[in-house]
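Novice: Chain by chain, the residues run as shown.
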Amino acid sequence: MGFIVLGLNLVLDIRLEHINRAFAKFEASADNQDPEKQALKNTSFDDLPSWCSIDLSKYMIDRSSLKKWLSTTKNPNRQDTLFWFERQGPKKMTMFFQTSLLFNSIYGAIFLITFAPAMYRESKILSFALYSILSSTPMILLTIQQRHIAAQMTQAITVGIHRKPQIIGTVCREEKTARVVRGFIVVNQMVYKAEHGLLDKPIEKGSNPVESLSAVERADIEKTFDGFDTSGDGSISANELGDILEALGAPVNEKMLQSILNTLDEDGNGKIIQGEFVSFYARHVMSSDDTRSTEEKAHHLFKMFDSSGDKDITIGE
Amino acid sequence: MELFESVHFALFFVMVLFVAKVLGLVSDGILTEAEWLELDRSCRDEEYIKQLTRRYIDARKRPQTIAQKIKSCLAATFPSLRSRRNDTIVDQLNFYAMRREFILERSVEPPFKAADEKNRVPEDFNFGRYLSISLGQTLAHSVHLGVSTWLFIGLFTVLFFFVILALDEDIVVSAVRMEMISQEMCIVNESTLSQTRASISHPIDTEAVLGMDRSGLYSSRLKSCLGHSPGAH
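Those protein sequences? They're chains A and B, same order as listed.
Residues in the first sequence are numbered from 0 upward in steps of one, following numbering that gives the first Met the number 0.
Residues in the second sequence are numbered from 0 upward in steps of one, following numbering that gives the first Met the number 0.
These aren't lab readings, by the way, just hints derived from the structure by calculation.
The model shown is predicted, which means the values in this text are computed figures rather than measured ones.
Any given hint could be a false lead.
Said to hold, decoys possible - Below, in silico cross-link-like pairs of lysine-lysine (DSSO-like), each with a Cα-Cα straight-line distance of 27 Å or less:
id, chain 1, residue 1, chain 2, residue 2
1, B, Lys117, A, Lys175
2, A, Lys163, B, Lys60
3, B, Lys117, B, Lys68
4, A, Lys222, B, Lys117
5, B, Lys117, A, Lys163
6, A, Lys57, B, Lys112
7, A, Lys222, B, Lys49
8, A, Lys57, A, Lys90
9, A, Lys73, B, Lys112
Unchecked claim - Quick list of simulated restraints, FRET-style, between CB atoms:
id, chain 1, residue 1, chain 2, residue 2, range
10, B, Gln50, A, Ser131, 44 to 50 Å
11, A, Glu173, B, Leu154, 22 to 28 Å
12, B, Lys112, A, Asn268, 56 to 62 Å
13, A, Phe301, B, Phe8, 51 to 57 Å
14, B, Lys117, A, Glu210, 31 to 37 Å
No residue lacks a Cβ here, since even glycine has one placed at the ideal position from N, Cα and C.
Pulled out of the complex, with its shape left as it was, chain A reads as follows:
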């Protein structure tokens, strides 16, 4: 029985791999005769994924009555046809996965409390060991298989028409929150370093922190810059910076603001461009010269939110 269920899991795993490849056109096209041409072509992503090439009319002709009855979908689309139960596919796959999990547990329990003791009593040690290995093999393989299936299934049942708008909304909100938090951290670092005279620290020779930034880090910093550039003209003016610091509740005076501006505006033209902002971020925000503890940093950030100073953040604040 264990080997039968293992086989069924394997079939499910292969099917899931097939579905995922139907969405990832790189792998599908790379199987063609000329992989070099195809792979290079695919980096531009002008080709359609393989699910688009499914012959729907042929599928509808070959579609069995049993499939029609089980799927309860009158007019399946091309993505539906990738699943055994068409539109119901994701649900049924989850159910099968649950069943397989429960079966594995039942199999293990029966093996441990019934078969293994009986074999231990009735047979020799070597035979018992061989029996145990053979019997536990499907259980172990199923466990490995199930871990792979969980990841594969998640990919297969959450893309295309099965995408989950609620989760997309959550991810977008998280991203926006992260951007705002990054903005707060930048302002916090600006104020702290201006207060302690750390902005005037000379740049170490031979080190260029901007070069050590990865493309992803740089993109994140550029997004933070866009948040500061309220006019959207590609640069931050002295007024824009002052307004932002004030809006975020940063306790800055004229002298501190001038110090921040002098550090940010490397060419001294009165405007902070993206490159200058990235350079400031790499040299000052990502540096380790802030000796405050996490608690102190949290207190500092709290003060920025608490504009009334009553040690309580209201919804309005």
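Got chain A; can you put chain B on it based on the hints?
Specialist: Coordinates of chain B only, in the frame set by chain A:
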């Protein structure tokens, strides 16, 4: 042991193993999440993806060794045996393609146009995070066993019970007897062969040797085996 106690023990073990499996899946899910987040970050670096594509093309040009061919055959049949380290490039490129398709949000009808840029997720959408949250939901659903799953398991158990009834066998006894048969077959040698052949003409003696037999299924198998030449064993 009373039947009630046995059932109690069995259910307890089933639940313990089920919880252990789910915890295992959760711990593996954390690793998968980290992997997806890393793949997603790498996807945003176009230069890195181009480099990987070139490496992938170069790797495909090189002739495969026999060991590599066997491994790739096994990996195709048993996807869980794929080596993550060796297949990193393919995994990354597949993830890149899948992420790209997710962002484009194509129509399911020809000519499969991508959704309008204003109405789809941004280019820097964190697909890895999306998959991670989805994995969490999938695992949560897997733990919450629905009525249909219990019905399916019940049906499966009843079917299995009828299979056992049809065989007229006690499965525990069968397992033990299989072991005894293998031991019996081991002791068959040249010197005892003539005696054993003689016993086949008296089925009742063979039954006595096998002890717990009720259906005679395995004893008849043994008989047929013994009927062959000694070299066959």
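Novice: Now tell me, hint by hint, if it's right for this structure.
Specialist: Do the hints match the structure? See the list:
1. B/Lys117 to A/Lys175: holds (17 Å)
2. A/Lys163 to B/Lys60: violated (39 Å)
3. B/Lys117 to B/Lys68: Not satisfied, since the Cα-Cα distance of roughly 46 Å exceeds 27 Å.
4. A/Lys222 to B/Lys117: holds (18 Å)
5. B/Lys117 to A/Lys163: Status holds; Cα separation ~18 Å.
6. A/Lys57 to B/Lys112: Holds, at roughly 22 Å.
7. A/Lys222 to B/Lys49: holds (24 Å)
8. A/Lys57 to A/Lys90: Given pair A/Lys57, A/Lys90 holds - Cα atoms ~25 Å apart, limit 27 Å.
9. A/Lys73 to B/Lys112: holds (24 Å)
10. B/Gln50 to A/Ser131: 44 to 50 Å: holds (49 Å)
11. A/Glu173 to B/Leu154: 22 to 28 Å: violated (42 Å)
12. B/Lys112 to A/Asn268: 56 to 62 Å: The hinted range 56 to 62 Å is violated for B/Lys112 and A/Asn268, with Cβ atoms some 45 Å apart.
13. A/Phe301 to B/Phe8: 51 to 57 Å: 55 Å Cβ-Cβ, so the 51 to 57 Å window holds.
14. B/Lys117 to A/Glu210: 31 to 37 Å: holds (36 Å)
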